[in-house]
Amino acid sequence: MSKTLFDKLGGEKAVDAAVDIFYRKVLSDDRINKFFADVDMDKQAAKQKAFLTLAFGGPSNYSGKDMRVGHAQLVKIGLNDTHFDAVVENLGATLKELHVPDELIAEAAQLAESTRNDVLGR
Amino acid sequence: MPVITFQGAQYTCHGNETVTDCLERHGVSVATSCRSGICQTCLMRAVSGQPPYVAQKGLKPSLQDNNYFLPCVCTPTGDLTVALPGDKVLQRIPATVILKDHLNTGIIRLRLRPEQPFEFRAGQFINVCRETDGEVRSYSIASLPQYHEAIEIHVRRVSNGRVSTWLHDHVLPGERLLIEGPHGECCYMPDNRQQGLLLIGTGCGLSPLYGVLRDALDHGHAGPILLFHGSSSHDGLYLVDELRHLAEAHANFRYIPCVSAEPARTGYAGGRAEQVALQSVKSLAGMRVYLCGHPDMVKDTKRKAFLAGASLQEIHADPFITTHKTPLIDKQATAG
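As you go down the protein sequences, you meet chains A and B in turn. The first sequence begins at 210 in our numbering and counts up one residue at a time. The second sequence begins at 87 in our numbering and counts up one residue at a time.
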């Protein structure tokens with residue numbers, strides 16, 4: 210049986226290692242950090258972890274509906290494709306920092322991509 | 087078959103059912119997402135009974151110590167009474183005031199002796215209840231249980247604060263109060279004695295930090311410990327002499343009292359505690375950070391500490407909220 214992306218990336222340990230790096234990048238990114246200005250950081254980090262788990266191909270009960278509801282307010286204040294692109298870019302930079310090979314980064318980006326329409330409420 | 091007690095009702099687990107499965111089969115709706123013990127959406131606390139280790143894997147050590155667990159991967163091996171993190175799990179016990187004195191003009195120290203066994207850790211908080219009208223406020227614990235010390239709390243007089251003015255003006259040694267708890271995870275973690283510890287507090291946010299500091303020193307903590315305590319004026323600081331003595335006795339401990347609204351005297355730093363701290367410690371990577379005091383300071387500094395390299399898992403934030411609503415859910419340490 211071939212290894213899943215999640216296994217190749219190093220499983221839950223890898224997600225844990227990535228959460229802080231990813232979240233720090235997002236908060237430091239002036240293109241998108243206004244969307245994260247007023248949230249509870251621990252709750253937000255838990256959501257980042259759920260998102261990264263999904264992007265890593267890990268166990269996930271992804272619900273497009275939750276994603277829509279969760280981002281509806283942000284879409285109202287202007288969340289759009291450029292912001293989503295920025296998040297995917299930060300995901301890529303995080304994985305690069307963790308020395309993940311490019312082809313696996315592409316796979317993770319594709320999984321993240323699968324949430325785009327739900328996140329943007331389309 | 088293990089029995090789960092949740093919000094006053096009992097549910098029997100079948101076979102290898104998880105706590106989440108069992109509750110849902112009985113029609114109890116609980117928040118859950120990954121169902122794999124990863125996302126922590128469903129976090130619960132075992133009020134009695136021990137959840138299996140696998141259900142605590144990946145949680146902060148402080149949460150593990152306080153019996154938090156993930157019900158979605160918890161197949162209980164025995165009966166459990168479980169609660170959501172925000173649930174009221176009240177068991178009020180009487181405690182006698184054995185000491186009351188002033189730490190400065192606005193803050194008193196109370197030592198309380200519980201009249202029943204009461205396990206706590208320095209830095210956690212208790213809820214103090216006034217029996218006559220049920221008013222409840224939270225106060226952080228400055229004392230160490232290992233020497234059978236009483237529970238020490240520091241109470242700031244809040245103008246028009248119903249409980250704080252009562253504690254300041256009316257409660258006397260010998261009197262009995264009702265307490266409940268302890269809660270919170272602003273505690274010393276003895277798992278890495280070499281780690282740098284950064285403690286930042288304003289006002290009576292010193293009380294849990296004083297507990298954490300003494301607990302660390304008591305465990306023979308070897309890494310550097312930095313305590314920045316801030317107030318607008320020199321008079322707003324307290325335990326200054328005690329802390330200077332501790333710094334003289336422990337080469338790895340530095341105490342930096344900070345004043346923000348008047349010129350700093352010799353031996354004090356000028357500026358807000360969190361600013362002075364983040365200016366003098368450039369990288370927080372690998373450090374454990376404790377933040378206690380005004381909610382805006384805590385929130386803002388938590389973000390800055392994280393961006394300066396501290397891991398979110400290693401930032402213990404204890405905002406002292408002074409709202410008067412839903413006292414047991416909103417943290418109200420040293421308020422009203």
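Be careful, since some hints might not be right.
For lysine-lysine, the following BS3-like pairs were computed, each having C-alpha atoms within a straight-line distance of at most 25 Å [unchecked claim]: (1) B:K390 <-> A:K212; (2) A:K222 <-> A:K243; (3) A:K243 <-> B:K143; (4) A:K234 <-> A:K212; (5) A:K222 <-> A:K256; (6) B:K385 <-> B:K186; (7) B:K368 <-> A:K217; (8) B:K385 <-> B:K146; (9) B:K385 <-> A:K252; (10) A:K234 <-> B:K186; (11) B:K390 <-> A:K252; (12) A:K274 <-> A:K305; (13) A:K243 <-> A:K217; (14) A:K222 <-> A:K234; (15) A:K222 <-> B:K186; (16) A:K217 <-> A:K274; (17) A:K274 <-> A:K212; (18) B:K390 <-> A:K256; (19) A:K285 <-> A:K256; (20) B:K368 <-> A:K256; (21) A:K256 <-> B:K385; (22) A:K305 <-> A:K256; (23) A:K243 <-> A:K285; (24) A:K243 <-> B:K390; (25) B:K368 <-> A:K234; (26) A:K252 <-> B:K146; (27) A:K243 <-> B:K385.
Derived by calculation from the structure, the hints in this document are not laboratory data.
Checked hints:
As the CA atoms of K390 of chain B and K212 of chain A are separated by approximately 39 Å, the hinted pair breaks the 25 Å bound. With a CA separation close to 29 Å, the supplied pair K222 of chain A and K243 of chain A exceeds the 25 Å bound. For the hint pairing K243 of chain A with K143 of chain B, the CA-to-CA distance comes to about 33 Å; that exceeds 25 Å, so the pair is violated. For the hint pairing K234 of chain A with K212 of chain A, the CA-to-CA distance comes to about 29 Å; that exceeds 25 Å, so the pair is violated.
Proposed proximity of K222 of chain A and K256 of chain A is supported: the alpha carbons are some 16 Å apart, at most 25 Å. Straight-line distance between C-alpha atoms of K385 of chain B and K186 of chain B comes to about 32 Å, which puts the hinted pair past the 25 Å bound. Of the pairs offered as hints, the one joining K368 of chain B and K217 of chain A is violated, with about 35 Å between alpha carbons and a cut-off of 25 Å exceeded. For the given pair, K385 of chain B sits about 19 Å from K146 of chain B by alpha-carbon distance, which is consistent with the 25 Å threshold.
With a C-alpha separation of about 13 Å, the suggested pair K385 of chain B and K252 of chain A falls inside the 25 Å cut-off, and the hint holds. For the given pair, K234 of chain A sits about 48 Å from K186 of chain B by alpha-carbon distance, which is inconsistent with the 25 Å threshold. The straight-line distance between the Cα atoms of K390 of chain B and K252 of chain A is roughly 17 Å, inside the 25 Å bound, and the hint therefore holds. Pair hint K274 of chain A plus K305 of chain A does not hold up; C-alpha atoms about 31 Å apart against a cutoff of 25 Å.
Of the pairs offered as hints, the one joining K243 of chain A and K217 of chain A is violated, with about 33 Å between alpha carbons and a cut-off of 25 Å exceeded. With a C-alpha separation of about 19 Å, the suggested pair K222 of chain A and K234 of chain A falls inside the 25 Å cut-off, and the hint holds. The suggested pairing of K222 of chain A with K186 of chain B is violated, with an alpha-carbon distance near 49 Å, which exceeds 25 Å. Between K217 of chain A and K274 of chain A the CA atoms are separated by roughly 29 Å; this puts the pair beyond 25 Å, and the hint is violated.
This hinted pair does not check out: K274 of chain A and K212 of chain A have alpha carbons roughly 30 Å apart, beyond 25 Å. For the suggested pair K390 of chain B and K256 of chain A, the alpha carbons sit about 20 Å apart, so the restraint of at most 25 Å is met. For the hint pairing K285 of chain A with K256 of chain A, the CA-to-CA distance comes to about 20 Å; that is within 25 Å, so the pair holds. Taking the CA atoms of K368 of chain B and K256 of chain A, the gap is about 28 Å. The hint is violated against a cut of 25 Å.
Between K256 of chain A and K385 of chain B the CA atoms are separated by roughly 18 Å; this keeps the pair inside 25 Å, and the hint holds. With a C-alpha separation of about 21 Å, the suggested pair K305 of chain A and K256 of chain A falls inside the 25 Å cut-off, and the hint holds. Taking the CA atoms of K243 of chain A and K285 of chain A, the gap is about 14 Å. The hint holds against a cut of 25 Å. Proposed proximity of K243 of chain A and K390 of chain B is supported: the alpha carbons are some 15 Å apart, at most 25 Å.
Restraint check: the Cα-Cα separation between K368 of chain B and K234 of chain A comes to about 18 Å, which is no more than 25 Å; the hinted pair holds. Restraint check for K252 of chain A and K146 of chain B: the C-alpha separation of about 14 Å stays at or below 25 Å, so the hint holds. Using a Cα cut-off of 25 Å, the hinted pair K243 of chain A and K385 of chain B holds, with the two alpha carbons roughly 15 Å apart.
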